[in-house]
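Asks: Following the hints, put chain V in place on chain D, whose structure we already have.
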Amino acid sequence: MIRRPITRSWAVVLGCLSVLLLLAGYTLVSHRQHQVNPDDTTIPSWSQLSDGVIKFTRLDRKNERWIVEDSVATGRRLFFGLGLGVFFGFAIGMMMGCVTPIEAFLQPPISLLAKVPQTAALAVYFVFFGTGMEMYVAMIAFGIIPALAVTVHLAIKDLPSEMLDKAYTLGASHFEVATEVVFKQVLPKFIDAVRLAIGPAIVFLIAAEMVVGEVGFGYRIRLQFKLTNMNVVYPYLVMLAFFGFALDYGLRFLQAKLCPWYQRDSK
Amino acid sequence: MTLSDQNNFGLQCQGVSHWFGETKVLFDLNLNVHAGQFVSLIGPSGCGKSTLLRAILGTHPPLRGEILTLQNGRLDNADRPGRDRGIVYQKYSLYPFLTALDNVALGLKFDQTTTAFRCLNWAGWKKKRRIFRDRAAAFLDKVGLGKAMHLYPSQMSGGMQQRVAIAQALIMEPEIILLDEPFGALDEATREELQEMLLQFYEENKKAIAEGKKPPYTLIIVTHELNEAIRVGDRLVGLSQYWDWKADGHQRSPGATVVYDKPAPVFRSDERPDYELFADIRWEIRQVVYNPEVLQQRDEHVKLIPTS
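Residue numbers (our numbering), protein chains in the order written: chain D, 1 to 267; chain V, 1001 to 1308.
FYI, nobody ran anything at the bench for these hints, they're computed from the structure.
Be aware that one or more of the hints could be misleading.
[To be verified] Subject to a maximum C-alpha distance of 35 Å in a straight line, what follows is the list of computed DSBU-like cross-link-like pairs (lysine-lysine):
#	chain 1	residue 1	chain 2	residue 2
1	V	K1024	V	K1091
2	V	K1127	D	K257
3	D	K157	D	K62
4	V	K1207	V	K1126
5	D	K184	V	K1127
6	V	K1127	V	K1142
7	V	K1126	D	K257
8	D	K184	V	K1142
9	V	K1128	D	K257
10	V	K1091	V	K1303
11	D	K184	V	K1128
12	V	K1024	D	K157
13	V	K1262	V	K1303
14	D	K157	D	K115
15	V	K1126	V	K1142
16	V	K1128	D	K189
17	V	K1206	V	K1091
18	V	K1091	D	K157
19	V	K1207	V	K1142
20	D	K184	V	K1126
21	V	K1091	V	K1213
22	V	K1091	D	K184
23	D	K189	V	K1091
24	V	K1147	D	K189
25	V	K1091	D	K257
26	D	K257	V	K1142
27	V	K1207	D	K257
28	V	K1147	D	K184
29	V	K1206	V	K1147
30	V	K1207	D	K189
31	V	K1213	V	K1126
32	D	K257	D	K115
33	D	K189	V	K1127
34	D	K157	V	K1128
35	V	K1126	D	K157
Same shape as in the complex, but just chain D (with noise of 0.2 Å):
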């Protein structure tokens, strides 16, 4: 039967299996590569990877810890990246939804600006923004900000007219009805919106990275993938994969508590 339902605990099983079969896939071919060349570096054994994991957690030349460098240059870029965007992204949104006049007079730039690659555009930003932090910040804030906004006018274009009538019959003022009203029924989609643009924020940097970071995961992705050291480019591959489920899950969780009324809602 199509949808039936199964038990927790079976799920759980299924869902570990599915891992353990990646794992014991991996192992596998690995093995094979190696009965090949046993010198082979491009599907590197486990304790290859462990060798890659040591090479990068502990302290190279420059008494810097790879791992620790690249995780606080990528960390910062992305934070402060998506921190203006998501604010910028929200404002806009939110503007374009309530005042008709900000809506006619920005929707043209936005909805062609979200059509812009941000990987192409690479080279704009570089030119106006140079190769520091301001530019992964720019790149990362407008790469984001047209999809935030646009959801966001979206959905409250979407709202029933007769939510904010209401609100007006109940003495609202123009300033209570957005804040009150549309903030509120806007929130839960936006924040969904948020995990959605994290992937595209995250591709958009590491690109970035590869092109002219000096430090950075992209960049150590791409010159440990140069001296085909795969021991190191797979765990960093894993490790920004766990980055962006932590984000998204942590994002899930901050909707369940501001918007408890929304996973009612959607159960």
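Replies: What follows is chain V alone, placed relative to chain D:
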């Protein structure tokens, strides 16, 4: 007109006409509603009931004529939604992000505090919020939802949602409350319970009048259910495009107007009316308001009611 006369009006529509391009909807409509009246507004589909309601609400002001409501103690143009008018829709009346309690307390919060007050005087706001919530809880108790106050709208049945929506509008005691087919989506038994609830509020009105006070609740209920109109309203107003406009010198139909306006029998909330007894009222309304074949003078069945 003296001030006390003015205060007695919840709503005045004077010569209201509305049209969309070539389509004439409302023509020279006059309707005065006194404080404390429960007006049932009926009419065939397409007669402009919703247009009139939106005009009174102020979201779509009429193209000609005036709609006046009591605003800050004097009659004023109702050309935008305001605190003096309440509305209950068939749906979308409640805010999904608020519990029943906070939905009902929301109007008190909007009306009696400002954003600046809530942000800057946190202690004062907390105190007020408790007062608002206590009032909202008492009101919810009155409409039989004492146990459901902390539910979100999505956790409530349709009937409960409409109870909360009515409480949300009534707690504000606006000059006039518009109910736009409020029970249209509910089953028969739930409808009757909610009709009884409205009649309880009518009894509060009667009590207030007996004590010489201004009755707190004035409402216009739009319904397509004639028995509901007769039971809930103390006045039946029929809006119809079927009237003898040729006799008034029009070449084409100028739109709907009030063709029926008579008092309705009044019931106690615990009284289950015998609908058989209203067969003649229903028959008259079907002829005058709903029947395109029967065209009469527009004021033939408009019997203005003496002020109570």
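Asks: Which of the numbered hints above does this structure break?
Replies: 3, 27 and 30
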